[in-house]
Amino acid sequence: MELQEIAAGRVTVLAVTGRIDSSNAMDLSNRLRTLYASSGRLLLLDLQGVDYITSAGFRTLLIGRRHASSSSGVFALCNLSAKVRDLFDMGGFISNFSIHATREDGIARLA
Amino acid sequence: MVTLQTTIRNNIGDLESVRDLVSKLECACALPEKTVFDINVVLDELLSNIIHYGYADDLPHEIGVTLSVRNAVVEISIKDDGKAFDPLTAPEPDLTLSLAERPIGGLGLHFVRQLMDDVEYKREDNFNYLLLKKNIA
Chain A
1 MELQEIAAGR
11 VTVLAVTGRI
21 DSSNAMDLSN
31 RLRTLYASSG
41 RLLLLDLQGV
51 DYITSAGFRT
61 LLIGRRHASS
71 SSGVFALCNL
81 SAKVRDLFDM
91 GGFISNFSIH
101 ATREDGIARL
111 A
Chain B
112 MVTLQTTIRN
122 NIGDLESVRD
132 LVSKLECACA
142 LPEKTVFDIN
152 VVLDELLSNI
162 IHYGYADDLP
172 HEIGVTLSVR
182 NAVVEISIKD
192 DGKAFDPLTA
202 PEPDLTLSLA
212 ERPIGGLGLH
222 FVRQLMDDVE
232 YKREDNFNYL
242 LLKKNIA
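Sequence order for the protein chains is A and B.
Residue numbers for the first sequence follow the numbering used here, so the first one is 1 and each next one is one higher.
Residue numbers for the second sequence follow the numbering used here, so the first one is 112 and each next one is one higher.
No lab work stands behind these hints: they were computed from the structure.
Each hint should be verified, as a subset may be incorrect.
Said to hold, decoys possible - Derived BS3-like pairs (lysine-lysine); straight-line CA-CA distance at most 25 Å:
#1 A:Lys83 <-> B:Lys145
#2 B:Lys135 <-> B:Lys194
#3 A:Lys83 <-> B:Lys135
#4 B:Lys244 <-> B:Lys190
#5 B:Lys145 <-> B:Lys194
#6 B:Lys244 <-> A:Lys83
#7 B:Lys135 <-> B:Lys145
#8 B:Lys190 <-> B:Lys135
Could you build the full structure based on these sequences and the hints that come with them?
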């Protein structure tokens, strides 16, 4: 998994490439915790480059959501592939996250 | 028919060789991307479960993973000497609960049951045997 941080005005985009699974979900968790250490952070997680995500990855996304609410920040997702979106559906998560079609949409809504 | 086999130790780092095995199967059988995605998710869920929760001791254990393709069906078999555990009897998560109320543990096995076309479990001679089938879309 590779993580790339891009500043887009007030919004921070974190682009994920590769897989998010049991072996690396903790790395993403730690990164999200660090990012939300500054309060009021507007974070958009771009999942375009994600090959697949397992339940360990979903746990991390839930943690990200919790970090955001406890630091008065915002946690949103964008660019879910059809396969990744299927898992969100399967897990009943679609309505629990703020999900945007593209990075541009996400930035526009968050900013 | 193509059959690939590997044996890993109960370390999360060893899952790398299972992912390599899936890549080999993908190349050998020209598997669709969606099938490979499902297999990768399911193997990570099941093997990480065994590694994290399967053993009552801290000793090294072997887990056997076999992947095969025949008649447009991918078969995955997993053999481990951990505690008896039938993933089919694990409770379904209550998806109607809000995230705050929901225990997250059952999610991985929920994915396994949803993504596979058939899951069979047996316990024999102190081994867990899981046989999963996925029809190639």
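Hints violated by the structure (numbers, ascending): Numbers 2, 5, in rising order.
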